[in-house]
Amino acid sequence: MILDLHSHSVASDDGRAKVENYCQWISKRALPLDGFVLTEHRQFDDANDYRALEDEFGLLILKASEVETEYGHVLLFGVNEDLCAAFDFADIRNPLSRVLEEAKRCGAVAVPCHPGRPKVGMCAHWETKGAVEGVEIVETLNGGSREGENEQADDYAERYGWRKIGGSDSHIVSHIGRFATRFEDEIRDIDGLVRALGGDRFEAIIPIARD
Amino acid sequence: MTAAELLAEYGDHVFDEIDLDIEPDSLVGFATACGETQPRFTDPSDGDFQGVPSYLTRIHGTRSLPEGFPVEMHRCFDGGKSIECHLPVRAGDKVTGRSEIHDIFEKSGRSGTMLFIVHRMNFYNQQGDHLATVDWRLIQREMD
Chain Z
1394 MILDLHSHSV ASDDGRAKVE NYCQWISKRA LPLDGFVLTE HRQFDDANDY RALEDEFGLL
1454 ILKASEVETE YGHVLLFGVN EDLCAAFDFA DIRNPLSRVL EEAKRCGAVA VPCHPGRPKV
1514 GMCAHWETKG AVEGVEIVET LNGGSREGEN EQADDYAERY GWRKIGGSDS HIVSHIGRFA
1574 TRFEDEIRDI DGLVRALGGD RFEAIIPIAR D
Chain X
2 MTAAELLAEY GDHVFDEIDL DIEPDSLVGF ATACGETQPR FTDPSDGDFQ GVPSYLTRIH
62 GTRSLPEGFP VEMHRCFDGG KSIECHLPVR AGDKVTGRSE IHDIFEKSGR SGTMLFIVHR
122 MNFYNQQGDH LATVDWRLIQ REMD
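Line order of the protein sequences matches chains Z and X. Under the working numbering, the first residue of the first sequence carries the number 1394, and numbering increases by one thereafter. Under the working numbering, the first residue of the second sequence carries the number 2, and numbering increases by one thereafter.
Treat the hints with caution; some may be incorrect.
What the hints assert, rightly or not - Facing chain Z, according to a computed beta carbon distance under 8 Å, are these residues of chain X, among others:
1) 67
2) 103
3) 106
4) 107
5) 108
6) 109
7) 110
8) 111
FYI, nobody ran anything at the bench for these hints, they're computed from the structure. Backbone N, C-alpha and C fix where the C-beta goes; we use that ideal spot for every residue, glycine too.
Only chain X is shown next, with the shape it has when bound in the complex (with noise of 0.2 Å):
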């Protein structure tokens, strides 16, 4: 199939929905880690206490791709991810996480040909509003 056809088929409707609670020690565990000092990222009992902007880059779905999406695996590699944020995530919140598959396109590098697959996963709180859109990008290399 071509990325179009691919796209065409698989692309922009949600193929997976998860559901988490967010704790504050999970807050605060990901901003020391990130290295942040700030206060309103690492003390619960600051007056504005949210998640670092990158917080929910580490979210993952029960599923990468949707079903019956043809992928090998053995030539693939992680492309890396990007976030657009809308509003903090705060402890408290409960969150939800929808995955589609946003783009897929093809170029070509020095190594060859690869495909782009790019997951979205957009993140709401319970009262519906929009915190953030997280992109991430599996390239499948074509064999040498």
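Isolated chain Z (complex conformation) (with noise of 0.2 Å):
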């Protein structure tokens, strides 16, 4: 099963893209998807519900958030009332180790995404801060990065055993799918995807040749 876990609505204040348009793009394009993930910026959209475009597509659509820390961004797979209560979501300076620890206590999945972006990411944090308990798995194929950070995330996942997810990071329609995960077991709805991302049955992939 193949799903894009980092993907952005006009729900995040710089998303583009209607989640009914992502449906038609895949649908049009024939993308090898199963679905996707929407992380929307520091926030989880409770109000949307996307079940009729789940039904009317044949696709998975599942709501996480993208939070932001002061080493870089970190994907929560798995949010429920207990993790928005733990912390604010809105304040872009939360301790890594507390969210990792949180959505560890409240049965959520934290994944410190596009770890090698300057400043956003994980890795140049973990160069001058010193290295977070906690850290699982990271993403180490994001749509929206530049040439060698994906790379570098790479190396770190490698250097530190850490398991690998891919994600498009799309703002905008046409960028769903640039990457993706892909699990050997099947994901019916978001426990499911909690439970499969605490095992090691997933890798991060690419699912369409890039322009």
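Take the two lone chains, each set in its own frame, and fit them into one complex as the hints suggest.
Below, the structure written as structure tokens:
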């Protein structure tokens, strides 16, 4: 099963894609995606319900978050009320250690995203501020990264034995699916995704050829 | 001050108000500049003559920010505008535009931390009908 684990819709302040348009693009282009996860910036989008789109397009559409820490950005899968109450999703200076701990405590999964990116990626801060306990998975294929950034993320993952995911980080319709994550097992909902990420039966992939 | 503190102090109250008369030549000129060709936007004799949806984005108040708002303009750049149209603006309308700070938040990006200041201008016609809401983002970057 192939899911794009990192995407943004108009619910994010810098997103330009409507979720329906993502679905239409995937369908029209016959992209090899079984679904995608909306990781909206600094919030959990509790308001929108995409189940009708799931049914119409035969895609799995899950909701997650991208929060900001002093070590860069982090994806949160399995956001629930407890996690929303644990720290301020809108704060751009959350301690990474706290985000990792609270995610684990609340049954969610925290994944540093685009870790090779300057200033908002974990690797640069790892060098200057030191290692942080609790990192288990990182995003090694990010569709918005520049040359060398995904490579640095992969290098760190190899070095520290972290598991790897991929996602497009799309903010516009045409970028969905640039990178993704392949799961060996079927995923039907966010709980299933969280369970899958707790294991090791997944890998970051490039599902479609890039221009 | 933090973004939340700034918003608490300066947000959600009108700090500027302007009045203007909408002239047909202004509507036609803007439509033409936009490359518009539909007669309802370019021909004052059209029965449905009105301004193009983005017309009110060109209107500015007498000030961008409330008096005393702490900003360093040399660190700022324009983050673009958005408009939500409610009713058409028509020739002869007497429009009132009211400015407020709608939102202030921080985010981090490749270039570092940025403070987003969302200036909102609401426009009303002479009947008090709400014509449009225009949001303009001013972005202040952190110093390197």
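Status of the hints after comparison with the structure:
{"no.": "1", "hint": "67", "verdict": "violated, 22 Å"}
{"no.": "2", "hint": "103", "verdict": "violated, 12 Å"}
{"no.": "3", "hint": "106", "verdict": "holds, 7 Å"}
{"no.": "4", "hint": "107", "verdict": "holds, 5 Å"}
{"no.": "5", "hint": "108", "verdict": "holds, 6 Å"}
{"no.": "6", "hint": "109", "verdict": "holds, 5 Å"}
{"no.": "7", "hint": "110", "verdict": "holds, 6 Å"}
{"no.": "8", "hint": "111", "verdict": "holds, 6 Å"}
Taken one by one, the earlier hints fail for this structure at numbers 1, 2, listed in ascending order.
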